[in-house]
Structures are given as C-alpha cells and as structure tokens.
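Take a look at the letters that make up each chain.
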Amino acid sequence: MRTLQDLRRDEEELRILRGRSSFISSMLFILFIIGLFKIFQLTILDRADYEVESDKNRIITLPIFPSRGLIKLSDGTIVAENIVSHGIYIESRLFDKVQDQIQILFEEILNEELNLKIATKDLKKDLKIWLAQDLTEKELAKYELFKNQLPDLKLETTLKRYLPHGNLFSHVIGHLGKIDQQERLLFSKSEYSNSSLIGKVGIEKKYENFLKGSSGVSTVEVDVYGNKIREINRIMPNRPSDLVLTLDLELQKISKEELSGRRGAVVALEPSTGYVKALVSSPDYNPNLINGSETGKLLLDFPKEDAPFFNRAISGSYPPASTLKPFIALLGLEEGVINTKTIIEDIGFFQLKEDGRRYRGWKEDGHGKVDLKKAIVESSDVYFYDLASKLTIDRISSFLSKFGFGRLSGIDLVNESESILPTRNWKLGNIGETWFVGDTINIGIGQGYITSTPLQLAASVSAIANKGPMFQPKLVAYVDEYKQHPVLINNVKLEDEKHWKIIEDSMISVIQSWNGTAHNLYDENGILIAGKTGTAQIKSLVDQELSVREEYEGVRQDIKNRDHALFASYGPIPNPNLVVVVIVENGESGSTVAAPIAKKIIERHQRNIKNEQ
Amino acid sequence: MSNRNPLDYSLNRPISSGSSPIGYILKDIPLYLGLVCVLSFGLIMLYSSSGQSSSMVIRQTGYVFFGLALMSFVSHLKPDSYKNILMHSYWLGILLLIYVLFNPAEGYSTSRWINLGFFQFQPSEVIRLILPLSLAAYLCRKDSTVKVRDWFLTPLAALLCSYLVFRQPDLGTSIIVLTSGLIPIYLAGLPLKIITAYFGLLAISLPFVWASLLDYQKQRVMTYFDSNVDPLADGWNIAQSKTAIGSGGIFGKGYLEGTQSQLNFIPESHSDFIFSVIGEELGLIGILVLLSLYGFIIWRIFKIGFSAQSSFERLACCSLGFIFLLFILINVSMVIGIIPVVGVPLPLISQGGTSIVVHLLAFGVILSAKRPRL
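One line per chain: the protein sequences are W and D, in this order. For the first sequence, counting from 1, position 613 maps to 613 in my numbering; every step adds exactly one. For the second sequence, counting from 1, position 79 maps to 79 in my numbering; every step adds exactly one.
A few of these clues could be false.
Stated by the list, open to error - Covered stretches of chain W (in silico footprint by chain D; criterion: 3 or more residues with CB under 8 Å from a CB of chain D, positions within the stretch not fixed): (1) 6–14; (2) 223–234; (3) 597–605.
Claimed, not checked - With a cut-off of at most 20 Å between alpha-carbon atoms, the simulated SDA-like pairs for lysine to any residue come out as follows: (4) W:Lys56 x D:Asn264; (5) D:Lys147 x W:Lys56; (6) D:Lys193 x W:Lys56; (7) W:Lys38 x D:Lys370; (8) D:Lys147 x W:Ile16.
These aren't lab readings, by the way, just hints derived from the structure by calculation. No residue lacks a Cβ here, since even glycine has one placed at the ideal position from N, Cα and C.
Bound conformation, chain D alone (with noise of 0.2 Å):
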C-alpha cells in the first residue's frame, strides 16, 4: 500500500459511485460548508475589526484560498503516505523553534517570528498543530506496537517544544503547545500509573517553574488573579473587551456599527480580540451562530475520526478535533475574561496567515482521513 503512488486514486472511483463528482472532490461536503461558512463570517468580521480595510481583508481571502487549496490537495493524499513526513516534521518545528531563538526578527521584542520576505510567520502557531500530529504518527508507527518508553519519550519532546516556545519567552503559548502535544499521548492510551506519577512531578517543580518566569509572565498571571495588578495593560484590555460584548447585547450594536471596536477601545480586535467585535457588533446572537457553526465543524471531525480506518487517522482526527475545540475555548475564554490573556487567535477567524493556512493544512489531514464508504 505504501508503495502506491499517493495521487493513484482513480482506481477507487466507480466505487464511490452514489457520490456527486463534487462529493468526490470534496469528500465531505458538510464539513467543506460548515468552514466556507466560518471562513466567510471571519472575512466580513474582519473587514469591522480592522478599521475597515479592504487591503487586511484581501490579503487574508489570499491566505484563505491558499490553505484551501493546501486542504484540498492533501485530503486527497493517503495518511500512511505523509505519516512519516509528519512524524518527521517534529524535528522541521524544532529547527524553526531554535532558529527563531537565534535570529529574532527586527523590531519585535520576542522572537516569535521568522520573516520569508514575502511571508511573515510564527513557528509556534505551526508547532502547535505539527507537534500533536508527528506526535499520533511516532505513536501509530508501521507494525509496531506502542511501547512503554514511547510514554517517557513522547512527552519529553512535547516539553522539549513547550521550553523552545517558553524561551521566547511566551508562557501561554508554551502552555498550549505543551497541551495539544499531551492530548495525542492522552487519547493514545497512556496508562493512568504513569500520569499520576507525572502529576506527582508537577506538583514538585511548580515552584521551580514559577521562579523561572519573567516578571512580565508572573505580571499576566497575577492579573488574571486580580485584575487591579496592571489595570493599565491586560486588565484593561480585558475590560474593554468585556464592556464590548456586555455592551453588545443580545442583538448587537450592528455591523460595523460597534463604538467600543469602531474607535480602536478594544486593544488587537482584529487578530486575538476579534471575538469581542463579533459580540458587540451582532450581539449574543451572532455569538451563538458562531459557536453552533464551530460545533457542526468539531462534530463533522469527530464523525469522519470514529469512522477512520487505521488507528493513526483515528488519533490525528480526534487530537485535531479537540486541539480545535480547545483553541476556540481557550480564545472565548480570554475574550471574556475567565482566563489570563495568551497569545491564542479564532481560528479560523482572527486575522494572521499561518494561523489560518495551518488550521486549514490539519483540515486537510482531517478530510484525508475520510474514505468513501464501499
């Protein structure tokens, strides 16, 4: 089988017959609207958030078809053809992650960027949705069963990125990649003796970790606490946001018409805080389209993993899924200040190229996965 040329799919053709060509090329057609949708909704939001600029608009519709594109051509690969590619991918995101250490990019004070010229991009946003898929892939490995050193080795690469990305330093997203790189392990089967016993060693080196934060990460913690620590910085990004969506009501102040993001009160509002535009400009009701939109896409994505053949589609649709759900959680929460702010975009939404050409590359894995019933 894995010899087979990846794109040797005619074959399969008159099998999936019942299927429209359409279906065929889209393979999930639910899955496919349900993020034309939230793609669409995030475009017309942004055109708000930003200030209504055409330019922000159109350079990410480019980047929206680019990852589509980049979907759609590897839906249609095999996953045991790009299984390796991806287990060794994990090393790819190590080299950018040192990279970034080594040669920050000019005028940022953390070196989260690489700069291509053309192109801008964080390892980090790659590394948090590469990391759990090489992660499924090591533990789904050809012929092999899962062996007990796999469960010490697989999280000790998850932390050694969660270090590389802390060093930035970037606590949050150090914390998050660390999460979507455990939730693959998790789901994998590791046994319960072995978490309590890395539960045990947490709670040993909590305070080591705590002396090793910066101030400014000690500061976002302690704001999330109590909010008067910096009232002047995330605390009152959080209150305006707060105040948007509160003030936003169930119907919202209308589109494009949001005082709170029209005259630039919410700090980031169209990358990070885009939730709180969308809150006070169509108001709970267009919270809660957005929301049931994001369910019927992590329901489409947990439909195709439970109906996957091999264990590998099964681990990666599912730690995909909820790295997905995760990430729309983790964003809300910060938006509406039930946890401290950390550098998570919508996605699918927020405004920035690699946020979106990634999550639409891990769709694509996700579609992948699915196969034409016989």
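Only chain W is shown next, with the shape it has when bound in the complex (with noise of 0.2 Å):
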C-alpha cells in the first residue's frame, strides 16, 4: 500500500519531471525553429539557386565532333577518307576488378597472349585503357558472342583518316595527330577535345577548319561517378566540307613512278589558271601509319638526308642553275643591254679583268661565237656570265622578282619557303659583306646565293608560258561546290612583247636543235616542248688548275655532291596546257635524268585532254 509519504514523494517528483521538461522541451523547441526556418530557407527562399545546383551536377554537354570531310580528284578519286575502327577499351578504375574478363577478351577473341604493362599511376586517373584496336571481322563476330562475359569492356568505334592510295599524296594531303598545347591556343576551344585529331600538315592542315566542320552539342545526364544515364538534347555537328584537288591521278603516279624513290620533286601546274596537276616529293611516306588506319611500322631509320617528311616540292629550295637563263636572257633583252644579234667569243671562262679570276663555264673549250639562242640552246655559262656582269644585281633582282623569286607562292600548303632573290641588302644583312660582283656574276648561272623552290620556279616558268600573267599555285579546285577561282598575283609587262617570242623560241630549239641540251626528247612527231635544262653545282669547282671536268670527278665520288639535275619545260608549243619542273637530287643531268619526266608528263596530259574530250 502507499503511503502519504509514497504519495508525496510521487508529487514532487511528478512536479520535478514536469519543469524539468518544459525545460528541454523549450530548447528543443529552440533548435526545431532553427531547423524548420532553415527548411524553409532552403525549399521556398533559395529553391531556385539549388535547382540551378542541382541541375549542374547532373547535366552535362558533350560535344559531338564530325566526321572529317573528304578528299576527291575531280573525277571524283577518292584520296582521303574515313573508316571505321573498332577498338575495346576499359575504364582504369574497373582495371584490377576485371582481369578475368581481360583474360576472355586475349585467349578468346585475340588469341594473343595476355600481354599488357599498365603504370600504376595510370590506373588512379580517369582514362580509357584500349586493350585492343582495329578489331577484324572475325574479332568482331566473336566479341558479339563473348559480349555477355564481358560486361565492363567496352566497344567504341572510331573514324580514322585513311589514304586510299597510300603514299601517293602524302606530301600534298598530309596527315593527322594530336592537338597539342599551341594548337589548343589557336583554335575555339569547344571545337576539340583533348585527344581530338588535327591536321598536322598539307591540305589536312592548311585546311582544318573546312574539314572539321563545327561540332555538335549532346547535353547528357549522368550520375555522381560520371556514367552516361541518358540524353536530354542533342544539336547535330555541322557537316565540314568536301574539297576537290585540281591535281591529276595519273600526272601523279607517273611523277611518283618515274623518280622512283631517289631524292626529288616533280611541280606540274596549269599555266592559265595555276592549277596543280602533280605534286610529289620523293621519297614519301605512308600517312595512314600516322593516322592509325594501317597497321605497320613507320620506317624511322632512313638516311637522313632522305627526310621523307620533308616536301621538297614546296620547301626545298635549289639553285635554279641554268633554268635562270631564260630569265637573265629576257632581263637583257628589256634593257637593251644585248639584242639577239650580240655576240660574244666563248672561250670556257669569263674573266672581269685580264688577270681577274676566272669564271669557267662547263664546257672547257667553250662554245665559240654566241648569240643569245645558242647561249641558251647549248647553255652557254659565259655569255651569261658576262651579261650578268652588265645587268648589276639590283636590275636582276628587281626583275626577278615580278616572276616571285624570293617570295611565298602562296599555294594552299604550309611550310612553303620563300628560298633566297639576294639583293645588296640581303647579303649585308645575312652574310655580313657587302656586294661583290662576282655574286652577280653567279647569279648569272643561276649558282650563287640564289635559290628557288620546285615551285617557284613553275610558278616563274608560268609568266613565260603566259607571256606575262602568272597564277597563285593553287591544290584545292573545289570546297564543297564552290569553285576556288585562279588567282593572278602578277602580270609581267614588257617594253617590247615580242621579247616572250624570242626567249620561247629559244627553250624550244633546246629540245629541237640538234646542238640543244635536250636534243634527246626530240620527237619528229610529238608535240612542241619549250625547256631549259639546269644542273645545279652543290659543291663549287675553285680549283684553277684542274680542268672543270677534271675536278668535277673528283667531288662526284661522294655520292651527295654530285650536281642536281633540273628541268624547266612547258608545252605544248603554242597553246601550253602544263609547266612542269623536275629536280632530281644529285642527278648530274638536267638533260637525261630531268627532261625525260617532265616529257612524260606532258605528254600524259595531252593524252588526257584527249581522253576527256
């Protein structure tokens, strides 16, 4: 039974309890209104700025880059392409969790033995591990039946830049690689990736940004860790360009063919419009072992002064030697200096002073009495040494000049050289002397400080072709379908007109005079060829003892001192349709080893003009 004291005590405690909860009660009540005004803070006062949160952690955009435009001829080859490449990848994170399946993917599919290094410090970072790529047709059928094992290996196809005709084009389409850091400045950044492909030279680089096109938008979903839950929006890339070449298939392949891999290059142009029907350097190299798109190894232990990366074609720059002549001719011409009926006595050199230095030609007893036909027929060095001797440099180099020696092309590849017109200036500036005249002298010839690119110098033949006008080099005859229009950067005027006459006629008696240069592409039949054969001196003869011959067979031994044979040529006679210029690196003959290939080629084009009428 209770008690009174029982009782009591119950009240008192019952009294305790109750201020003692009203006491906890009353800060918790506290802490609750913190609570929900902080709820309500969150759920009405700042709800928007959390959606804008929200929808930031889980929406993302992607770009969707396009498939790289085409490359066609005009007939419509084919020269650049895409194709599909299947390759199996895994997430490094999963790497250690799935080496059973890895192990699968090696003795089933590949039949390869498990052969994989991965850095450790790879495997933190978040990146692709390609197990495995260029999957074949038979791969790819037995990863679809191995696919329910391999729940975590991925199958990604990619498109990668491909070359039908191999090295053909190499030096004129170029080829593909990673964009680096300074790329990464020069472009819009939302227009590539990281690990995005970029034309690194040729046609592919110069033009990028028709090729590519613009990307595309896919504004994704995705999880905390990043995986892809679904697509909310997509914006479709743009579609880049296609581009046509104005270069022929076959002038390509017999360039290609007939210098059969020895150091040269071959400039075949369109006169009237500056059209490139072939350009090829030799030797070349593969762009689609760049591009991925061919299995095999780039060939890295060629010789190095074979640089098959290095396109001579645009960026080689040569002594124009004898192939100058016609230029110096004209020049004379125009200031009167000779007429065609000057003639001067060809010993085999040329001297300034009775005892000044003796400036040899290469025909040691000389060619006797010359004019200006012979002088460019049988390429009498004298009569041009002594009418350079009378022109001075600034009147050649003026000249020189208006035809684009020392000066970018402008064909649309990069790394074009601009080469050497040397003037006063420039050899004070560059060599630290000043002008002798036996630097003009040289000049004369061609030797000397002047060089020009292949494509200089067809660019130059062009204006004498034209008799006068002279077109941008151009690759591209198309972008899509809009038609890139020729590009006259220059129009050389003469005094008297009929000069072009004179100088023409004389390239064409090298082929058609029985004493000329080139008499050996002479064909009773074939078509008029106009030409000038050069060979370009690597190593100069100083020896005033020895006879030129002489002393030539003594430099000849080293294979890379021997002279480089060119030829400058155009045709056919009177409507010319092509300039072609052929250098073959240490060829010793412009004559036999030159002229014989830009015959070729002319006559290849004739052809074809036929054909396609």
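Join the two chains, each given in its own frame, into one complex according to the hints.
The following block contains the structure:
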C-alpha cells in the first residue's frame, strides 16, 4: 500500500519532471524552430539557386565531333576518307576488378598472349585503357558471342583517316595528329577535346577549318560517377566541307614512278589557272601509318638526307642553275644590254679583268661565237657571266622578283619556303659582307646565293608560258560546290612584247635543235615543248689548276656532292597547258635524268585532255 | 507484485472493458498507427533512396516486423518486472563496447561493429537507448530515495559509456550517448548546484578534450564552422544534401524522380541522409507530413509518460521521448547543415536493423507503461 509519504514523494517527483521536461522541451523547440526556418529557406527562399546547382550536378554537355571532310580529285577519285575502326577499352578505375574478363578477351577473341603493361599511376586517373584496336571482322564477331561475359569491356567505334593511295599524296594531303598546346590556343576550345586529332601538315592542316566542320552538342544526364544515364538534347554537328583537288591522278602516279624513290620533286601546273596538276616530293611516307588507319611500323631509319617528311617541292630551296638563264636573257633584252644579234666569244671561261678570277663554263673549250639563242640552246655559261656582269644585281633582283623569286607563291599548303632572291641589303644583313660583282656573275647562271623551290620555278616559268600573267598555284579546286577561282598574282609587262617570243623560241630549240642540251627529248612527230635544262652545283669548283671535268670527277666520288639535275619546261607550243619542273637531287644531268620525266608528264597530260574530250 | 508472473495479465482483462480486444493487444492504438505510418513511409522512401533495391527493402521489412514483435512482447510486460534487468543491462552494454574496441569487425577502419554472422550491429546504437533506460531504472530503484552519491555515480556511468564510444573513435556518437545518459539524470531531479559544478568542471577540461581529439574529428568540427576546410568530404556531403532539399522545393520532384538521390549525388542516401531524399522527392510537403507524424508520436509518448503510475515509468517514457525527439532533430539539423555531420540515423526511417529494432524496443518499454484505465 502506498503511504501518504509515498504520494507526496510522487507528487514532488512529478513536479520536478514536468518542470525539467518543459525546460528541455523549450531548448529543443528552439532547435526545432531554427531547423524549420532553415528548411523553409532551402525549399522556398533559395529554391531557384539549388535547382540550378542540382542541374549543374547532373547535366553536362558533350561535344559531338563530325566526321572529317573527304578529299577527292575532280574525276571523283577519293584520296582521303574516314574508315571505321573498332576498339575495346576498359575504364581505368575498373581495371583491377575485371582481370578475368581481360583474360577471356585475349584468349578467346584475340588469340594473343596477355601482354599488358600499365603503369599504376595511370590506373588512378580516369581514362580509357585500350585493350585492342582495329578489330578484324572475325574478332568483332567473336566479341559479339562473348559479349555477355564481358560486361565491363566496352566497344568503341572510331573513325580514322585513310588515304586509299597510300604514299602517293603524302606531301599534298599530309596527316593528322593529336592536338598540341599551341594548337589548342589557336583554335576554339569547344571545337576540340584534349584528344582531338588535327591536321598537322599539308591540305589537312591548311584546310583544317573546312575539313573539320563545327561540332554539335549533346546534353547528357550523368550520375555522380560521370556515367551517362540518358541524353536530354542533341544539336547535330555541321557537316564538314569536302575538297576537290586540282591534281591529276595519272600525272601524280607518273611523277612518283619516274622519280622512283630518288630524292627529288616534280611540280606540274596549268599556266592559265595556276592549278597544280602534279606535286610529288620523293621519298615520301605513308600517312596512314601515322593516322593509325593502317597497321605497320613507320620506318624511321632512313638516311638523314632522305628526309621523307620534307616536302621538297615547296620547301626545298635549290639553286635554279641554268633554268634561270631565260629570265636573265629576258632582262638583258629588256634593258637593251643585248639583242638577238649580240655575239660574244665563249672561250670556256669569263674574266672581269685581264688578270682576274676565271669564271669557268661547264664546257672546257667553250662554245665559240655565241649569240642569245645559242647561249640558251647550248647553255653557255660564259655568255651569261658576261650578261650578268653588265646587268648589276639591283636590276636582276627587281626583275626576278616580278616572277615570284624570293617570295611565297601562296600555294594552299603549309611550310612553303620563300627561298632566297639576293640583294645588296640581303647580303649585308645575312652574310655581313658588301655585294661583289663576282656574286652577280654567279647569279647569271643561277648559282651563288640565289635559290628557289621547284614550285617557285614552276610558277615563274608559267609567266613565260603565259607571256606575262602569273597565277597563284592552287591545289584545291572546289570546297564543296564552291569553285576556287584562279588568282592572278602578277602580270609581267615587257617593254617589247616580242621578247617573250625570242625567249620561247630559244627554249623550244633547247629540244628541237641538234645542238640543244635537251635534244634527246626531240620527237619529230611529237608535241612541241619549250624547256631549259639545269645542273645545279652543290660544291663550288674552285681549283683553278684542274679542268672543270677533272675537278668534278673528284667531287662526284661522294654521291651527296653530285650536281642536282633540273628541268623546267612547258608545252605544248603554241598553246601551253602544262608547266613542269623536275628536280632530281644528285641526278647530275638535267637533260638525261630530269628532262625525260617532264616530257612524259606533258605528253600524258595531252592524252588525258584528248580522252576527256 | 514483483513475484507475479509477468504474463499473468488475464486478471486485469475484465476491468479493461470498454476497449476492444485489438485495443487491448495494441495498448495504444494511436501510437501504433503513428508508428506504422512512419515505418511504412520509411520503407517506401528506402526503396527510392537505395537505388530502387527491393532486396534492401525486404531486409528492412524483416527488421521492422521483428522489431514490432519485440515491441508488442515488451509492451505487455510489467515495467517493474524488467526494471532490474534493464538496470543491469548497463553492464552488458559496457561489455559490448569493450568487446568492439578489442575485436573490430573486419573491413571497417573504426571498431564500431559486432558481426554475429547473420547480423551485424553497432553496440553504440544499442547503448544510446540502453543507457538512459538503465540509468532511469537505477535512479528509481525499489524502496529507495535518490541518494546524493547517485548524482555523481550516474553521470560517471554515462561518461564511461561515452568515453568507450569516443575511443572507437566516434566523437559524434559519444556526445549523443552522453546526452542520452544525462537526460534521465536531469529529469530525475539532479540538483542545480551539482549541475553548476559540472559545468565548471567541463569548462576547465574542454581544452584537454580538444587536445585528445583525433585529426579527422577536429576536421569534422572545423568543417562545421568553415565548410571550406574540407569541401570534398563532409562539406561536399552537406552541400549535396542541401542542394537536394532546396531543389525539391515545396512539392518535390516526385517519387523516384529526385536527380540528386537517383544519380547518387547524395551520400549515404539510404541511411543517415535519407531525409534529403524525402526533401528532394516529396518537397516541403513531404517533410512537414513526416515531421507531423513524428510530432504525433512524441505527443503520444509524453501522454503515456505523464499518466504513468510509477516514477520509473514516467522517467523512462519522458527520457525516451526526449531522446527520440533529439535524434530526429540532430539528424535533420545535420542534413540541412546547421550542425556537423554525426552518425545519427533518422529514427524509424533510415536503413539499418540495429536502429529500427532498438527504437521499437524502446517503444515497447513506453507502451508497457500504459495501464488500462480503471
């Protein structure tokens, strides 16, 4: 039984309990009110901010890169396309967990020894580890069979750049490579990802913006791990432009065949438009190996002087040698220093003064009495030493400059070389010496400081072929359906238009005359071609005691010291439709090595034109 | 009274006429209804927050039914009959805490878990309900008034439990264990003089306590004061949780439609952070509904508590009521970022067998305090 005392104590306890409960309650109530206010703040006041925050979390935009534009020839032949390549990868964070799947992949599908070396530091990063690339049809079919056992291995299809003609267009089209830091700064960031491929050289680089198109955007919902859940929206990329080249497949092939791997270059262009019909630099390389569209190893143990990645046609600066003589002759006529009847006595060498240095001609005994025509036909050095000495360097360089020497031709490729058109200032600035008359004399035969690329030479010869107008060399005829119109870069005006004819006639005679340096090309029933041979010396012959031939015999022991063979030509006369410049490094003879190649190209071009009609 | 068979309740049956047999079995229908509503709500939200894993929901449902059965059983016992057991269960709690300290379960960096093979549980989750009950039982021992030394012994007992949890190491839980131990002591009438003395002691010892904290514990506390301290860990969790609740707005994004929760941006979304899933998917409305249900339950607890017959029953009910309320407030405050992250699940909602079963056991104690009115 409860006693009264018990009841009292009960009462007292209850009083304390109630009092203290109210105290705790009020404390907790404050916390509750703060919490409730905070919840109101989150869900009502700041809701919009948090909605944005929440969307930022889950929604990411991914660029969609379009497939690269095609490159074709005017007859529709595809010279650069994209091929599908299948690869299998694994995300690095899963790598350790799926060793059994990797085992199956290698044993059952690839039939290869498992041979993967992956740095542990790579595993910590978030990247794709490629287990296999360029799967064959058979491997792909097997993968489909085993797919259920390989849930974490992912198949990815990528497009790779492929040049069906392999090496043939390597120096024109070029190759792709991973975008580098500098290029990232140059191009819009949204258009390229860190692993994007970008044109590194050639048309691929020059026309990057056209070939790439503009990327689209895919809005994707992702989870906290970045896994794609679904696509919310998609803006399709803009289709890139296709290019149509001016090149001719047949001429390109002949050029490559004729050079047959020797170091050299061929440039053929249409004088009336500047459209390049053939542009070959040899040796070349297979861009597909760099683009990853063909398997195989890129051979890198070539002799240093081969430099297969070097585009000799546009970047190789060579002495124009005797191919410069028609231009010097033209200047002589224009300046009135000579006329067609001017005759000098070629005794095998030229001296400014009685006891001065002897400038030797290539023919030891000389050519005897030489007029302008004979000087070009037989390529008399002495005649041009004499002429140059009277012309002075100022007149020579300003005249040659009109023909594009010393300037970029503006062809739609990268890495074109300006070469050197020497002037007094140029020599002072670059060599640090004043100009000597001896320098001018060497320029007279296209030696000395002057250099030009095969392309520059072709462009300047086209001015002779056109009798004045000179067009910018062009490789791309169409960007999609838009025609790339010829660009007139200069129109050389002569005091006397007849001078063109004089030069052309002598260049025709180089082949036609029995004594012409390229008479070996002569064909009675063939087309009429104007040309000029050249033999560019690499090593100056300085020994005054030995004869030229004797001294050269010593020099040519080293193949690298042998003369370059050049031939600059156009045809057919009277309506030339092709200018061809051929250079064969260390080929020694312009007439027997370089000239036949040019002739074949011009002849083949005529047949092509006839077939088209 | 105490010699009576605890299950010998048939004698009372006729007296409780007027209430239905169901009412007799359930003892307090409104509290039962409230509990069932909250538990169902929890299971539904668990399905969404667990990434729609039915296996987790089934497992949890199992715990719920086990807990309810346990609750019903305890609710029909006489409090006096298990008071002594409760009082001595303190020692069991201490044993468990010492056991985990020396036998940490494999796969955990902190020693919080005991693995029974079929079932893993955290002693610290058990102790935060066992401790107040045992202290309440001790303070209301039969035939004895509270002696002065009890006001020193009981806080010391609470401090011991708290220290053992702190050594796991788990700062948040140790504070919660201490608080839940101090609540019944305070409610039982701890004299104000002694309270003042304790506060003085606390002020002196605080620098030493801070020095003994582990780096990550300091970090956690610091994160609260400056969320830039470690934005990638706790700060990030809180930010994601706030983003979820905020973006849910008034009406929510819809069940299973929460992007923060379904795309795993909310950490521990099925356990400690389930409240942010509720906020995101059901909005302010959902939050208020849940809080109302909780409020209703707490109202019933105190209603039962203040009308209870013995001082132990009153003390136990009120202590448990406050602790239940405290846990809810701590969890919600943590999720909305007004207190640091501590490991307190949302009672009756968060995934976790230990939490559910122990809470329902506590409700069994509360229900047992209700006697049919004469």
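Coverage claim, chain D over the region 223–234 of chain W, checked by counting residues with Cβ within 8 Å (three needed): holds (count 4)
Given pair status - isoleucine 16 (chain W), lysine 147 (chain D), alpha carbons within 20 Å: 16 Å, holds
Straight-line alpha-carbon gap lysine 38 (chain W) to lysine 370 (chain D), limit 20 Å: 37 Å, violated
20 Å limit on alpha-carbon distance, applied to hinted pair lysine 193 (chain D) and lysine 56 (chain W): 55 Å, violated
Coverage criterion applied to the region 597–605 of chain W (partner chain D; beta-carbon cut 8 Å; 3 residues): violated (count 0)
Agreement of lysine 147 (chain D) and lysine 56 (chain W) with the hint, judged by alpha carbon distance not exceeding 20 Å: 62 Å, violated
Hint consistency between lysine 56 (chain W) and asparagine 264 (chain D) [alpha-carbon to alpha-carbon, up to 20 Å]: 14 Å, holds
Within 8 Å of chain D's CB atoms, at least three CB atoms from the region 6–14 of chain W: coverage verdict: With 4 residues close enough to chain D, the hint holds.
In the structure shown, a violation is registered for the earlier hints numbered 3, 5, 6, 7, in ascending order.
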